[in-house]
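2 protein chains.
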Amino acid sequence: MDINVKDVKEILKEEGYKLTTQRKAILDAILENHEKHLNPEEIYNIVKLKCPDIGIATVYRTLQLFEKLNIVCRVNFDDGYNRYELIYDTEQHQHHHLICLNCGKVIEVKMDLLETLENEIEREYGFSIVDHNVKFFGYCSDCEK
Amino acid sequence: MDINVKDVKEILKEEGYKLTTQRKAILDAILENHEKHLNPEEIYNIVKLKCPDIGIATVYRTLQLFEKLNIVCRVNFDDGYNRYELIYDTEQHQHHHLICLNCGKVIEVKMDLLETLENEIEREYGFSIVDHNVKFFGYCSDCEK
DNA sequence: TTTCACCTGCTTATAGTTCTCAATACTAGC
DNA sequence: GCTAGTATTGAGAACTATAAGCAGGTGAAA
Numbered sequence: 168m169d170i171n172v173k174d175v176k177e178i179l180k181e182e183g184y185k186l187t188t189q190r191k192a193i194l195d196a197i198l199e200n201h202e203k204h205l206n207p208e209e210i211y212n213i214v215k216l217k218c219p220d221i222g223i224a225t226v227y228r229t230l231q232l233f234e235k236l237n238i239v240c241r242v243n244f245d246d247g248y249n250r251y252e253l254i255y256d257t258e259q260h261q262h263h264h265l266i267c268l269n270c271g272k273v274i275e276v277k278m279d280l281l282e283t284l285e286n287e288i289e290r291e292y293g294f295s296i297v298d299h300n301v302k303f304f305g306y307c308s309d310c311e312k
Numbered sequence: 168m169d170i171n172v173k174d175v176k177e178i179l180k181e182e183g184y185k186l187t188t189q190r191k192a193i194l195d196a197i198l199e200n201h202e203k204h205l206n207p208e209e210i211y212n213i214v215k216l217k218c219p220d221i222g223i224a225t226v227y228r229t230l231q232l233f234e235k236l237n238i239v240c241r242v243n244f245d246d247g248y249n250r251y252e253l254i255y256d257t258e259q260h261q262h263h264h265l266i267c268l269n270c271g272k273v274i275e276v277k278m279d280l281l282e283t284l285e286n287e288i289e290r291e292y293g294f295s296i297v298d299h300n301v302k303f304f305g306y307c308s309d310c311e312k
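In the order they appear, the protein sequences are chains A and B.
If you read the first sequence in our numbering, its first letter stands for residue 168, the second for the next number, and so on.
If you read the second sequence in our numbering, its first letter stands for residue 168, the second for the next number, and so on.
The hints are simulated quantities; they were obtained by calculation from the structure and are not laboratory data.
Watch out, some of these pointers could steer you wrong.
Copies of one chain are not kept apart here, so a pair can be met inside one copy or by any two copies together.
[Unchecked claim] With a cut-off of at most 30 Å between alpha-carbon atoms, the simulated DSS-like pairs for lysine-lysine come out as follows:
hint, residue 1, residue 2
1, K176, K235
2, K302, K203
3, K272, K302
4, K302, K277
5, K235, K272
6, K173, K215
7, K176, K215
My request is simple: use the sequences and hints to build the entire structure.
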C-alpha cells in the first residue's frame, strides 16, 4: 500500500482543502478496510464509532472529494451501491474484480492481460482507450462444490 | 438480429404471460432502437407516442419481466440509469462496450478475446467464471482530434 | 360468453444520494 | 493569542430512479 494519511494531507493542501477530523476518520476507515470495497453507509457506520456526530452527508461529500482528487475510485458491483477503493498510485488503471455470485466476496486480480485486446480494439475500431472496467461473475473456490 | 415479436410472444406464452399491447409497444421501442441502449425513461417516452396512457410502472415491470425471460439484458454505464439491450440468442455471454467519454456514444465489440484471461483466472484463483462485464472508456474516432 | 387470473395505471413508498442553510471550525494575518 | 473570513459541517428536506399496493380493466381458455 503506497498511500497514507500524510500523502492525503498533502494532496488536500495543494488543492486548498483541509484535512479535518471527519475527513481523516473517513480515510482511516477506508485504509483499515482497503480490501472490503465499502459503500458510503458502511463507511458511515464505521466512522460513527470514532466520530459519533458525523452526518452521512459529510461521508458522501468527502467521498466525492476524494474521488475528484484521485485518492479513491468508485466501483460498481451492480448491487445498488457505489463502493470505494483506494487508488494505489503506481497503477495505471484499476485492477479487475472477481465477484462471487454466492457469497458476494470480491477478489482483486492484478493481471493486466487486456493489453492485447485493447491494442486490437484501438486498431480495429479507431477507439482510443483511456480506462477499462472489467468484472467477472462466478463462484469462488470456497463456494464451488 | 435473431429475435422478433413472434419469438417473444412464444417465450411469454411458454411461461404463462401475455403479449399485451403495452408489452408489444415496449418491445418495438427496443427493437427499433436496438443500438441505442435505452434507459426506462427513454423507452417510456418513445412508447407514449403510440400508447399515450401507459404508466412508467408498466415500463419498469415489463423490463424486469423481459430481463427474467432473457429477452433483454440490463447494462450499466455508470451514468445513473439502467439500460437495456436485446439478447441475440446465439451469444453465450454479452459482447463488450466501448463508451466514448466525449460524446457518450456506445460501440459494441464482438471479439471474445477474454478467453485466455478467463482460463488463467480460473486456474490461478480457483474462481469459476459464469459471466463477465467489460467496458472500455476512451474516445471514439470522431471525437479523437 | 363467462370466468378468473393476469395486467394495468395511479399513487404512494423506498433507497441512495445530493442540496440548502445556519452554525461551527480552521487558518492566516495581526 | 485574538480576529476575520472562508471552508466545512450536521440536520433535514429534496431529488431521482425504481418498486409496491391496490382497485379496476382485459383477454384467453372453457
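- Item | Hints that the structure is at odds with (numbers, increasing) | none
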